[in-house]
Amino acid sequence: MDLNFTPEEEAFRAEVRAFLADKLPARLSAKVSGGKILAKADMEEWHAILNERGWLANHWPEQYGGPGWTAVEKFIFEHECALAFAPRIVPFGVNMLGPVLIKYGNEAQKRHWLPRILNGADWWCQGYSEPGAGSDLAAVKTSAVRGLDAQGDHYIVNGQKTWTTLGQHANMIFCLVRTNREAKKQEGISFLLIDMSSPGVEVRPIITLDGEHEVNEVFFSDVRVPAENLVGEEDKGWTCAKYLLTYERTNIAGVGFSVAALEQLKGIAAKQTKNGKPLAEDPAFAARMARVEIDLENMKTTNLRVIAAVAGGGVPGAESSMLKIRGTEIRQEISSLARRAMGVYGRPFVEEALHDGFDGETFGPAYASAAAARYFNNRKLSIFGGSNEIQKNIISKMILGL
Amino acid sequence: MNFEHTEDRRMLADSLNRFIAEQYAFDARDRIAKSAHGFSKEIFQQFAELGVIGALFSEADGGFGGGGFDIAVVFEALGRGLVVEPLLGAVMVGEALSAAGSDAQKEKLGDIINGLTVAAFAHDEADTHYERTRVSTRAERSGDGWVLNGAKAVVPQGEQADLFLVSARTSGNVDDEAGISLFLVPAKTAGLTVRGCPAIDGGRVAELALDGVKLGADALLGTEGQGHATLERAIGRGVLALCAEALGAMEAAKTATLDYLRTRKQFGILIGSFQALQHRMADLLLEIEQARSAVINAAAAIDGTDRVARERALSAAKFSIGRIGALVAEESIQMHGGIGMTWELPLPHYAKRLVMIDHQLGDEDHHLQRYIALGKEVAA
Numbered sequence: 001m002d003l004n005f006t007p008e009e010e011a012f013r014a015e016v017r018a019f020l021a022d023k024l025p026a027r028l029s030a031k032v033s034g035g036k037i038l039a040k041a042d043m044e045e046w047h048a049i050l051n052e053r054g055w056l057a058n059h060w061p062e063q064y065g066g067p068g069w070t071a072v073e074k075f076i077f078e079h080e081c082a083l084a085f086a087p088r089i090v091p092f093g094v095n096m097l098g099p100v101l102i103k104y105g106n107e108a109q110k111r112h113w114l115p116r117i118l119n120g121a122d123w124w125c126q127g128y129s130e131p132g133a134g135s136d137l138a139a140v141k142t143s144a145v146r147g148l149d150a151q152g153d154h155y156i157v158n159g160q161k162t163w164t165t166l167g168q169h170a171n172m173i174f175c176l177v178r179t180n181r182e183a184k185k186q187e188g189i190s191f192l193l194i195d196m197s198s199p200g201v202e203v204r205p206i207i208t209l210d211g212e213h214e215v216n217e218v219f220f221s222d223v224r225v226p227a228e229n230l231v232g233e234e235d236k237g238w239t240c241a242k243y244l245l246t247y248e249r250t251n252i253a254g255v256g257f258s259v260a261a262l263e264q265l266k267g268i269a270a271k272q273t274k275n276g277k278p279l280a281e282d283p284a285f286a287a288r289m290a291r292v293e294i295d296l297e298n299m300k301t302t303n304l305r306v307i308a309a310v311a312g313g314g315v316p317g318a319e320s321s322m323l324k325i326r327g328t329e330i331r332q333e334i335s336s337l338a339r340r341a342m343g344v345y346g347r348p349f350v351e352e353a354l355h356d357g358f359d360g361e362t363f364g365p366a367y368a369s370a371a372a373a374r375y376f377n378n379r380k381l382s383i384f385g386g387s388n389e390i391q392k393n394i395i396s397k398m399i400l401g402l
Numbered sequence: 403m404n405f406e407h408t409e410d411r412r413m414l415a416d417s418l419n420r421f422i423a424e425q426y427a428f429d430a431r432d433r434i435a436k437s438a439h440g441f442s443k444e445i446f447q448q449f450a451e452l453g454v455i456g457a458l459f460s461e462a463d464g465g466f467g468g469g470g471f472d473i474a475v476v477f478e479a480l481g482r483g484l485v486v487e488p489l490l491g492a493v494m495v496g497e498a499l500s501a502a503g504s505d506a507q508k509e510k511l512g513d514i515i516n517g518l519t520v521a522a523f524a525h526d527e528a529d530t531h532y533e534r535t536r537v538s539t540r541a542e543r544s545g546d547g548w549v550l551n552g553a554k555a556v557v558p559q560g561e562q563a564d565l566f567l568v569s570a571r572t573s574g575n576v577d578d579e580a581g582i583s584l585f586l587v588p589a590k591t592a593g594l595t596v597r598g599c600p601a602i603d604g605g606r607v608a609e610l611a612l613d614g615v616k617l618g619a620d621a622l623l624g625t626e627g628q629g630h631a632t633l634e635r636a637i638g639r640g641v642l643a644l645c646a647e648a649l650g651a652m653e654a655a656k657t658a659t660l661d662y663l664r665t666r667k668q669f670g671i672l673i674g675s676f677q678a679l680q681h682r683m684a685d686l687l688l689e690i691e692q693a694r695s696a697v698i699n700a701a702a703a704i705d706g707t708d709r710v711a712r713e714r715a716l717s718a719a720k721f722s723i724g725r726i727g728a729l730v731a732e733e734s735i736q737m738h739g740g741i742g743m744t745w746e747l748p749l750p751h752y753a754k755r756l757v758m759i760d761h762q763l764g765d766e767d768h769h770l771q772r773y774i775a776l777g778k779e780v781a782a
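Chains B and Z, in that order, are what the protein sequence lines are.
If you count the first sequence from 1, position 204 lands on 204 in the working numbering, and the numbers rise without skipping.
So the number in the working numbering is just where the residue sits in the second sequence, counting from 1, plus 402.
Think of the hints as simulated: they come from the structure by calculation, not from any bench.
Every value quoted in this text rests on a predicted model; they were computed, and no experiment measured them.
You may find that some hints are simply not true.
What the hints assert, rightly or not - Here are the simulated SDA-like pairs of lysine to any residue, each with C-alpha atoms no more than 20 Å apart in a straight line:
(1) B:K74 <-> B:R17
(2) Z:K667 <-> B:S135
(3) Z:K436 <-> Z:Q736
(4) B:K36 <-> B:N275
(5) B:K392 <-> Z:Q736
(6) B:K266 <-> B:G34
(7) B:K392 <-> Z:L679
(8) B:K141 <-> Z:K436
(9) B:K141 <-> Z:K667
(10) B:K40 <-> B:L166
(11) Z:K778 <-> B:K392
(12) B:K36 <-> B:K74
(13) B:K277 <-> Z:D513
(14) Z:K778 <-> Z:E634
(15) B:K392 <-> Z:D529
(16) B:K141 <-> Z:I741
Claimed, not checked - Derived list of chain B stretches under chain Z, where covered just means 3 residues or more per stretch with a C-beta under 8 Å from a C-beta of chain Z:
(17) 112 to 120
(18) 139 to 153
(19) 303 to 311
Unchecked claim - To be clear about the criterion: a stretch of chain Z counts as covered by chain B if any three or more of its residues have a C-beta under 8 Å from a C-beta of chain B, and this derived list gives those stretches:
(20) 470 to 478
(21) 641 to 651
(22) 754 to 761
Cβ atoms here follow ideal geometry from the backbone N, Cα and C, with glycine treated the same way.
With the sequences and hints as input, model every part of the structure.
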């Protein structure tokens, strides 16, 4: 039993820290730590910085441009990025589609799409969920009918996708579509790459409870897609879908985000006052903070235990469901405490203050402007990426054998 | 033993619920709640005409109710409708006028009850965390009147208020119970600046800056330095109102969630058939019934003469409502899944209001600590 990183891993951590200190623009980390909404250009800027160093596609094998990191190194990288308030890597192209193409794509697809993910030529979004297919993803209805005409082999796609995160920025979408209605649920699904500028594609914003536009609905009406955009075999897309969903969940617990958010919370609790003393000294609030800190310390070790099993040749399977459940609950609790810490300043909400170009007055301390909004926004953590209920089903079935 | 409301109260609740259903459906509410004004003057006026504000006051004050259960019935209906109109200010400032006002001051109650005066309660300050006695805003005698200096934080619908009830210190240390005085400050008074912004749960809030605000002798409400008792009465009414409002919002959130469990299918079956969700819904029902009992306890206690019993029941209710409100908010969003996160659905707006009620007049922790402290007073 040794809870320490090896000297090599510590050296790697130092290298990541030095890189972040040198290359992460202060303007971006200030936006992330302040809970501001990142513009498309902000995310592209950070991707370009990482790509220049060869660290963007950190889950890809070296031959495709990945850094060749171990599971522990990936964990350290993601952890240090979170602590430094680096923008999140937009996962859809780099962390989701990339690995699928590498495993299931043909050579032409790999040669065409992978470099474009790295250099930012394409912004991908994810076409998985539908209004009737959320937790029950295999119930997708969006149809793709194969045809052959003078213009070539193609599919005609009709249907609707929803919860398409940052779809408003995307030029490409990877979709689960139904190519066979006769086959059993999972077996008639295909994995298709669709150009968002094709005639018949319409993106409509979904405004969330905090007033933000982060997710979208995407409608397809008679959208023509070249058959060469099929990834893997027709009707076998569920294999790609599952691979993508279970791929690389080393950071699913978001421990780095929680550690950073807890540090912020402690700073806030030291500044906010109750009865003339720092809120951090209030017995009730101190107990709430201590509880979540203890949970987080435990989660750090649970997370490392899962990663160590992977590093030793094991496969992270249902264990990542534990990380997802408890990790998101911890993140939610920390944002709940940050909201509580605001007292009466939890209510004022100048939404514009979270966006670029705002030069008006805010209400209460600077850290108050995003606190309640972030708490409400973070309700999504236990819903997306397989709701926590679905994760519990997985644990019941796969680990407990019930 | 009888847990039925009187027929008068049931009729009032029915007509209020009907009015809200007809005039304040979600689309209308959403428009009003995010409007630049912060609420609808016309709707507020119509509430007054329906007798909704009058029900909050006794006959002696010009109303026709004023009991704890009158407040509970009215605010539960307002909570179901997510009403943002400034009725909380009316009940709190009105109570202070009733409890401590001179005859001349009490005349202001008439226009509060008929909806012509929008009243706002301005007590919290930037560095307080719901403390009752911590008041830094100062009032000093000047001639036969007063001069106020300081600032007040997050006053509900403060921009549109005609009349503020402002707490200010006339003597003592910053957190002394003695030395707090209450002042009636008209909105147009020189030296008073009101700056507003939207609230995350709808409507607007405002910051008050008081910079050499000159008031006449008649602005002092009650006895100089003895404002705390009146403050406690006003906050008590406000706490009961918020608890009842939360109860209405919880019932609405529960109904919406139950409807969803009964209609949403995944894996080919209704999600309401999953035992994991059935048990969570059963927990919500149980907790909401506990919340209802807490409101009943507080409504029954508020008119009692035993101060500690009254205040403990109020703090017990606000603690319960804070805890259960957040639970109902979070669970009902979770059981809805992604759709529960969307602005177009009423449900998340109930969730936001439920959570934000905990940020008004003392949160869970504040009221739990207060409940314990009041218990020590009984023991002593």
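Run the distance test for K392 (chain B) versus D529 (chain Z): straight-line Cα separation, threshold 20 Å. Distance of about 43 Å is beyond 20 Å: violated.
Starting from K40 (chain B), check that the Cα of L166 (chain B) is at most 20 Å away, please. holds, 9 Å
Would the hint linking K141 (chain B) and K436 (chain Z) be met if the CA-CA limit is 20 Å? violated, 37 Å
Are K141 (chain B) and I741 (chain Z) close enough, with their CA atoms no more than 20 Å apart? holds, 18 Å
Within 20 Å, alpha carbon to alpha carbon, are K266 (chain B) and G34 (chain B)? holds, 15 Å
For the pair supplied as a hint, K778 (chain Z) and K392 (chain B), is the alpha-carbon distance within the 20 Å limit? violated, 44 Å
Measure nothing beyond the straight line between the CA atoms of K36 (chain B) and K74 (chain B); if it is 20 Å or shorter, mark the hint as holding. violated, 26 Å
Examine the region 112 to 120 of chain B for residues whose CB is less than 8 Å from any CB of chain Z, and state whether their number is three or more. violated (count 0)
Count the residues of the region 303 to 311 of chain B with a beta-carbon closer than 8 Å to any beta-carbon of chain Z: does the count reach three? Result for this restraint: violated, n = 0.
Is the straight-line distance between the alpha-carbon of K778 (chain Z) and that of E634 (chain Z) 20 Å or less? Roughly 18 Å separates the two Cα atoms, so the pair holds.
Can the restraint linking K36 (chain B) and N275 (chain B) be considered satisfied, given a maximum Cα separation of 20 Å? violated, 31 Å
For K141 (chain B) and K667 (chain Z), compute the direct alpha-carbon distance and say whether it is at most 20 Å. This hinted pair holds, its Cα atoms lying about 14 Å apart.
The structure shown violates the earlier hints numbered 3, 4, 8, 11, 12, 13, 15, 17, 18, 19, 20 and 21.
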